[in-house]
Amino acid sequence: MKYNDEDFENYLIGKMSESEKNEFENSLIASSELQNNFDNYKKLKELITNTRSIKLSEEYSSGILPRFRNELQENKKNKIYYNLGAITAAFASVIIGFVLTVNLFIKTDPDKPSDLITIIENDRDSIINSFDISDKLISKADSESFQIIDSVYNDLLSQNINVESETDDFDAFAFDIENADLEQFISEEEIDQIYAQLMEKKF
Amino acid sequence: MHNTDDDFKLIENFIDGNESAFNRLIYKYQDKIYWHARRMTGNHLDADEIVQEVLLVIYNKIKTFKFKSSFYTWIYTITNTRSINYLKKRSVKKYFSLETAAGQEDSDNIILNLEQKQQLQIIERALQKLPIKQREVFIMRNYDEMSYEEISEITGRAIGTLKANYFHAINKIKELVGNEI
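Going down the list, the sequences are from chains V and G.
Quick note on numbering that gives the first Met the number 0: the first sequence kicks off at 0 and runs consecutively.
Quick note on numbering that gives the first Met the number 0: the second sequence kicks off at 0 and runs consecutively.
With the rest of the complex left out, here is chain V (with noise of 0.2 Å):
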C-alpha cells in the first residue's frame, strides 16, 4: 500500500485502527524509502511545532507601538513641511514670474532706456538714414531724367520726323512713356512747354 502524508499525520496522533497501524509498522520495516520519507516528515511537523510557538523578546514587541507612533508623528510633521514647501515654491515661482515680467517687458525708468527700447530707436535712426539716402538718389535721379528726355525729344526734333506717315511709330513710344512715369520726373510746366514746342514745330 501506498502511504501519503494524511496517513503519515493520522498514524502520529493516533487516528489509525490497530490493525492499520501495524500494517503501517511493517510497511515502514520493509521500505527504506516510506521510512526515509516518514522520517522527513516527522522532524518537519517537530520543527513545524517548535518554532510556531516561538515568543518575540519583550524589549523588540514592546517597542513595535511606540516606533509607529513616533513614526506616525513624524509623518505627520513631514506633511506639514511638504505642505509649507510646496506653498513656499509656489509663492516663489509667481514672485520670479513677477519681476521677470517687470523687468523685460515694462519700462519703469523713463531715463534709463531698456534694451528693446534702445534696439526701436536704433530701427528709427537706420529708417531716417535710409530715407536721407533716397532722397539723395532721387533729386540725383531727376537731373539726369531729365537730360535723357531732353536729348530724345531734341534728337526726335532734329530728325524732323514726319509723325503723320509714323503715327504708329510715335504712338508705340509714346506709349513706352507712361504719363505717370513722366510726371515723377519733369513738372506740369515743362510738359506744357514740351507740347507747346511740340505743336509750333512745323512737321
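Just to be clear, a hint being listed does not mean it is correct.
[As the list claims (entries may be wrong)] Taking lysine-lysine and the DSS-like style, the derived pairs with C-alpha atoms no more than 27 Å apart in a straight line are:
#, chain 1, residue 1, chain 2, residue 2
1, V, 78, G, 60
2, V, 75, G, 27
3, V, 44, G, 128
4, G, 60, V, 75
5, G, 162, V, 41
6, G, 132, G, 31
It is worth saying that the hints were derived from the structure and are not from the lab.
Dock chain G against the given chain V, drawing on the hints supplied.
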C-alpha cells in the same frame, strides 16, 4: 480564537477617536503580523519594516473596514499582500544589486532561545527556496492553521490550486528539511 465582537468594539471606539483602542487592537495582533512577515521574508529586518508598514495601513484604512469578515482575516490579508509586494521589491533591488546581504545577525536579540533560533533558521532557509505562492499556502496551513476556504478568501485563489501548491510545497520542504537535520 479571535473574539470578533471585542475587535469590532475596539474598531468602533478607535473610529470614534479613542486612540488607545487602536493600541489594544495592535497589541493583540502585532506578533501574528510579525511572524507572518518574518516567515514570508526570512529575516527580521524585512519583517520589522513590514510590521510598521502594515500598522500604518491599518491606521489609515481602518475606517474602510466593513465588519463582514473578522478583523484578523482583514489584517492577515493586508500583511500577506504587503509581504508579497515587499518580496517583489526586494527581488528587483537584488537584481540591480542595490541590496546587501545584511540583517541576519540583527535578529539575535529578538529570539532568546538558542535551540529555537537554530530551528527557525532551518525552516526559514527551506521556506525561502519555495516559490512565493507555495510558501504562503504552506505558512497559512501549518503555522496559522487555516482551512483552504480561509486561504482562498485571503489569496483569492481557487481551492484546487491551493491544494496543488501545498502538495508541491510540503514535498519540497520535507526534502530540504530532511537534508538539513
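Can you give the numbers of the hints that this structure goes against, from lowest to highest?
-> Of the numbered hints given earlier, the structure breaks none, since each of them holds.
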